[in-house]
Amino acid sequence: MISVVGYENQNNVIYYVVQFENTVLQKRFSQFEELHQSLLPYYPLPNLPPKQYVTVLIGKSIEQLEKRQKALDVYIKELYKNPRIVKSYQFQSFLGLAQTIQMIYEFEGLGQPIKDFSINFDMGLMLVLGSEKKSVPSIFNKVNQNSQALGTLECWLQKEEVFKKEWTHSFIKQTTCFHHLENTVVVGFLDGTLTLFLLNQQNEIASFKEYNQHSSKVLAVHLISGCICSVSESEFKVFSMNKNIFLVNQTLKDLDGMLISDEKAYVYDQVGAIFVYELQNQKMSLLLKFDTHIENIKGIAKSNNKLYCVNQNGVILILETETYTVLQKGKGKVQSKEISHSESRQMIYVGNKDGSVTAYDSSDFSSLFIINAHINQVSKIRNFESENLLLTGGEDRFIRAWRLPNVLIGEGAKQSSLKQI
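With our numbering applied, the sequence shown closes on residue 421, and no number is skipped along the way.
Any given hint could turn out to be false.
With a Cα cut of at most 16 angstroms, we get these calculated EDC-like pairs of lysine to aspartate or glutamate [what the hints assert, rightly or not]:
| no. | residue 1 | residue 2 |
| --- | --- | --- |
| 1 | 289 | 278 |
| 2 | 133 | 191 |
| 3 | 264 | 320 |
| 4 | 27 | 73 |
| 5 | 283 | 263 |
| 6 | 306 | 361 |
| 7 | 289 | 320 |
| 8 | 217 | 233 |
| 9 | 67 | 8 |
| 10 | 264 | 191 |
| 11 | 289 | 343 |
| 12 | 164 | 73 |
| 13 | 329 | 291 |
The hints are simulated quantities; they were obtained by calculation from the structure and are not laboratory data.
Using the sequences and the hints, build the whole thing.
Written out as structure tokens, the structure reads:
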């Protein structure tokens with residue numbers, strides 16, 4: 001149980017005494033305010049006692065202090081009735097019990113804001129897609145050799161536990177997405193075109209080919225079974241590179257993105273409909289369409305038989321993929337941009353526009369920890385279960401690796417090959 005049992009005046013600074021189990025804490029009223037504001041985006045909350053403005057010379061009367069102490073006691077007890085709040089990172093931080101998420105590695109020297117990245121620790125290979133949204137100010141041009149390019153593809157190789165940039169391929173048009181499979185890389189662009197790259201054994205570009213695939217912005221692209229799957233704002237296409245024909249050429253409306261998983265394509269639109277296509281054995285066709293009833297989906301992920309969706313208002317859905325019924329629905333942070341899932345930890349990771357990453361318990365959507373990963377939008381999250389790492393890329397031109405808390409980690413988790421900073 002938790003209680004605010006009293007208050008203390010230390011050099012005219014008032015501390016409220018919080019007793020939690022066998023622990024006694026001293027908290028200023030401003031710390032209760034910080035707790036309230038940090039919880040507010042995620043949970044319905046009771047009213048916090050109002051702030052009272054008094055002069056420094058007069059201070060607060062004993063009656064005012066006792067009244068506030070009792071009101072804070074009621075407030076904290078109301079919070080404690082909600083198990084999700086008690087388990088949350090914000091509440092655990094207030095009690096001094098939250099675990100620190102440690103950044104162990106930072107990739108420096110990336111030329112442009114991160115759009116996407118892929119990394120293979122066994123190969124020691126990382127590919128990074130950069131994208132500029134607009135022309136770079138001239139003062140920045142002096143220090144950035146890629147400043148005139150609207151997009152870049154960078155190759156980083158691991159040498160003696162350190163990743164170093166090997167080469168950069170620049171584009172004069174804006175990049176939007178990419179996918180890497182074995183020795184093949186495909187990049188999508190704002191103008192609707194695609195470029196396919198073949199890499200040699202030294203991971204250098206051996207050849208490339210351009211495709212005029214769409215008439216509008218490419219939202220997502222994926223390589224599978226000798227085919228290029230791509231989606232624009234109005235089309236979903238599957239192109240066979242061997243046969244040089246479209247196996248699927250579907251005109252749709254107001255599309256937002258695509259996920260490829262387990263030989264199925266999940267194509268979603270702005271009003272929350274998801275179109276499921278079968279991609280197996282060259283028999284590519286629409287299986288079904290279902291409605292999530294949430295608009296503006298910004299990211300989807302799949303793990304085993306569950307589909308995880310988040311929209312820009314922070315609504316998180318977990319759907320079962322046999323019948324596509326909603327198993328759970330929760331509320332995260334507004335302006336969510338990216339989602340990933342950990343099966344072993346039963347956590348959902350959501351990247352946000354403000355640069356933070358929130359980890360939610362997938363059973364009740366309580367926020368387990370928050371990483372202030374970047375100074376602006378999180379563009380990509382990569383979860384590496386066996387490495388016990390979460391990698392994040394942001395528009396601040398950094399990719400960072402985070403060591404996850406030891407709690408819930410299986411005994412088989414292996415040490416990351418990244419050299420710790």
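How the hints compare with the structure:
1. Note on residue 289 and residue 278: the hinted pairing holds, with a Cα-Cα distance of about 12 angstroms set against a maximum of 16 angstroms.
2. Note on residue 133 and residue 191: the hinted pairing holds, with a Cα-Cα distance of about 13 angstroms set against a maximum of 16 angstroms.
3. Between residue 264 and residue 320 the CA atoms are separated by roughly 15 angstroms; this keeps the pair inside 16 angstroms, and the hint holds.
4. With a C-alpha separation of about 12 angstroms, the suggested pairing of residue 27 with residue 73 holds against the 16 angstroms cut-off.
5. Restraint check for residue 283 and residue 263: the C-alpha separation of about 11 angstroms stays at or below 16 angstroms, so the hint holds.
6. Taking the CA atoms of residue 306 and residue 361, the gap is near 15 angstroms; set against the 16 angstroms cutoff, the hint holds.
7. Pair hint residue 289 plus residue 320 holds up; C-alpha atoms about 14 angstroms apart against a cutoff of 16 angstroms.
8. Distance check on the hinted pair: residue 217 and residue 233 sit about 6 angstroms apart at the alpha-carbon level, within 16 angstroms; holds.
9. Our distance criterion of 16 angstroms between C-alpha atoms is met by residue 67 and residue 8, whose separation comes to about 14 angstroms.
10. Between residue 264 and residue 191, the direct Cα distance comes to roughly 26 angstroms. Violation of the 16 angstroms bound is thereby established for this hinted pair.
11. With a C-alpha separation of about 26 angstroms, the suggested pair residue 289 and residue 343 falls outside the 16 angstroms cut-off, and the hint is violated.
12. Between residue 164 and residue 73 the alpha-carbon distance is near 54 angstroms, which puts this suggested pair outside the 16 angstroms criterion.
13. Taking the CA atoms of residue 329 and residue 291, the gap is near 14 angstroms; set against the 16 angstroms cutoff, the hint holds.
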